[in-house]
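A.B. asks: Sequence:
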Amino acid sequence: MIENVVFDLGGVLMHFDPIGFSRLFTDTEEDAELICRALFKSLNWAYLDAGAISEDAALLIAKSKLPERLHPNVEQALAEWDLKRTPIQETNDLAAKIKQAGYGVYILSNASVRFPRIVERIPCHDSIDGWMASAFEHIVKPDPEIYRRFCERFDLAPESCAFTDDNQDNITGALAAGMRAHLFRGADELEDWLRDEGLKL
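The sequence shown runs 431 to 631 under my numbering.
These aren't lab readings, by the way, just hints derived from the structure by calculation. The structure displayed is predicted, hence computed values, not measured ones. Positions of the beta carbon are idealized from the N, C-alpha and C atoms, including for glycine. Do not take every clue at face value.
Using 27 Å as the maximum straight-line C-alpha spacing, the simulated DSSO-like pairs for lysine-lysine come out as follows [to be verified]: (1) Lys514 - Lys493; (2) Lys471 - Lys495; (3) Lys514 - Lys471.
If you anchor each label on the Cβ, the simulated ranges turn out as follows [stated by the list, open to error]: (4) Ile491 - Ser590: 39 to 49 Å; (5) Lys471 - Arg547: 14 to 24 Å; (6) Glu510 - Glu460: 20 to 30 Å; (7) Glu575 - Glu505: 33 to 43 Å; (8) Ala531 - Ala509: 36 to 46 Å; (9) Gly628 - Leu454: 36 to 46 Å; (10) Gly616 - Ala531: 18 to 28 Å; (11) Ala606 - Glu459: 39 to 49 Å.
Between the sequences and the hints, there should be enough to build the whole structure, so can you do that?
C.D. replies: See the structure below:
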């Protein structure tokens with residue numbers, strides 16, 4: 431019986447748009463592409479999510495890939511990108527509805543140490559019972575260990591948790607850890623699936 435719903439963040443509760451973020455800190459499309467590749471789409475972004483590299487180190491490496499004139503831009507991009515994120519309101523509304531129906535609501539995200547500032551900006555923040563971000567655990571989805579650690583942290587039985595993510599590999603990891611899981615394609619479809627799984631919403 432499902433008692434808890436566990437949400438991914440990027441692409442589920444909040445938009446993640448690397449090129450869109452980059453455009454906010456540059457004047458031309460060409461420069462936006464350069465910043466996007468040097469920062470958001472670099473391997474170091476994954477290292478940030480894994481807690482394997484500091485923001486200072488990531489910035490240093492990003493600057494090394496950019497002309498000097500863009501160094502102030504990439505500094506600002508790294509410092510402020512998370513403040514520019516916009517919510518996926520339908521999913522936030524669903525999370526609040528799930529909480530009001532008496533179920534647990536959680537977030538499990540591949541995210542950097544910036545996550546505590548991000549989570550405060552999520553519209554459904556008051557409905558969240560707990561969260562785990564990969565950078566603090568030094569392990570990332572889809573490794574089944576992070577799902578097991580999540581359940582242990584919040585004293586949840588894996589089979590009582592329904593996990594949703596917009597990445598199929600992360601769904602596979604959740605299933606391997608004993609959770610029920612659904613590939614996110616939209617809030618309406620997720621709500622239909624949860625109802626099919628027995629949630630009374």
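A.B. asks: Each hint: holds or not?
C.D. replies: Do the hints match the structure? See the list:
1. Lys514 - Lys493: holds (21 Å)
2. Lys471 - Lys495: Satisfied, since the Cα-Cα distance of roughly 12 Å is no more than 27 Å.
3. Lys514 - Lys471: Since the Cα atoms of Lys514 and Lys471 sit roughly 17 Å apart, the hinted pair holds (cutoff 27 Å).
4. Ile491 - Ser590: 39 to 49 Å: holds (41 Å)
5. Lys471 - Arg547: 14 to 24 Å: Check passed, 22 Å falls within 14 to 24 Å.
6. Glu510 - Glu460: 20 to 30 Å: At 21 Å between Cβs, range holds.
7. Glu575 - Glu505: 33 to 43 Å: About 34 Å separates the Cβ atoms of Glu575 and Glu505, which means 33 to 43 Å holds.
8. Ala531 - Ala509: 36 to 46 Å: Holds - the Cβ-Cβ distance for Ala531 and Ala509, about 39 Å, lies within 36 to 46 Å.
9. Gly628 - Leu454: 36 to 46 Å: holds (43 Å)
10. Gly616 - Ala531: 18 to 28 Å: Since Gly616 and Ala531 have Cβ atoms about 19 Å apart, the given range 18 to 28 Å holds.
11. Ala606 - Glu459: 39 to 49 Å: Cβ of Ala606 to Cβ of Glu459: about 41 Å, so the range 39 to 49 Å holds.
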